[in-house]
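**Q** In UniProt numbering, the protein residues as written are 1 to 259.
Derived from the structure by calculation, the hints contain no laboratory data. Virtual Cβ for every residue (Gly too), placed ideally from N, Cα, C. Take the hints with a grain of salt, since some may be wrong.
[To be verified] The list that follows gives simulated cross-link-like pairs (lysine-lysine, DSS-like), each with its CA atoms no further than 27 Å apart: (1) K76 to K42; (2) K76 to K51; (3) K128 to K42; (4) K128 to K51; (5) K76 to K128.
[What the hints assert, rightly or not] Across the chosen pairs, the derived CB separations fall in these ranges: (6) Y169 to V87: 38 to 44 Å; (7) R52 to Y29: 20 to 26 Å; (8) E41 to E96: 27 to 33 Å.
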Amino acid sequence: MGPESKSENFRSNRLPLYALTRVRHLNEYIRHYEPLSYPTEKIHQSHLRSKRSVVHNNVVNIHFNAHSRDFHIRLKRDLSTFSDNLVIEGPSGEIEDMDTSHIYEGHLVGESNSYVFGSISDGVFHGKIVSPHSGAWYIERAHYYFPHHAINESLHSVMYHENDVIDPYANIRNGDSSGCGITEEVAEWMSKVQNSAEIFPYQSSSSIPHKNFTINNNINTGSSRAWESPSHKYTKEANILNHRRTTRATRPKEENRNT
């Protein structure tokens, strides 16, 4: 066998880079993630300059390596998500200031048609990267999954690919996929209540958790943060540790005028 054929045979038998990476399970829904540990101070200073800029064209560059590849993100402040006429009304009816300077959008340098959006807080990016070549990547703050004492410069974010997001209970559901997760058992109970004058308490046929059910001890299920909606993760409050959550309502300025 000549040198060329040996080289070709070696290349054909090589494992993909992903297979050579140690698998890290984040929870039962995310089967593989990698921690991010890029320096945050320079990014924080770039964010402050962009926030003070009156021309709104300052860029923030973020470089890091994860999942066996280099990422170079170039971001600008997102000025289109929220309308200039938006008013934030507090729980007591008072008008509150709205700061959207932490929201960014941009792209991967060197990849046309790529798109990046999310937020920056304390020099840490939190959002989504969409690549036309490798798909979608998600970056989240580590404190959503790990206790506060574990968060440091070597673990401030986690990153995972869309292909590693799974539904471990997909095979045990009996309901129609288009029925908002309602099983036949629940639908039968709802029909029974609707067609009767009595209210029947719902009793599930399964009194114990599924045998494959696992609890991630790293997640504080007693915290309100564990139950936030996905969109809340991109707000400034969600990216500040130990923040105090308040309920807010929005309405256009035109409706805020006295009549």
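**Q** Each hint needs a verdict: does it hold in this structure or not?
**A** Status of each hint after checking the structure:
no.: 1; hint: K76 to K42; in the structure: holds, 15 Å
no.: 2; hint: K76 to K51; in the structure: holds, 10 Å
no.: 3; hint: K128 to K42; in the structure: holds, 21 Å
no.: 4; hint: K128 to K51; in the structure: holds, 21 Å
no.: 5; hint: K76 to K128; in the structure: holds, 14 Å
no.: 6; hint: Y169 to V87: 38 to 44 Å; in the structure: holds, 41 Å
no.: 7; hint: R52 to Y29: 20 to 26 Å; in the structure: violated, 39 Å
no.: 8; hint: E41 to E96: 27 to 33 Å; in the structure: holds, 30 Å
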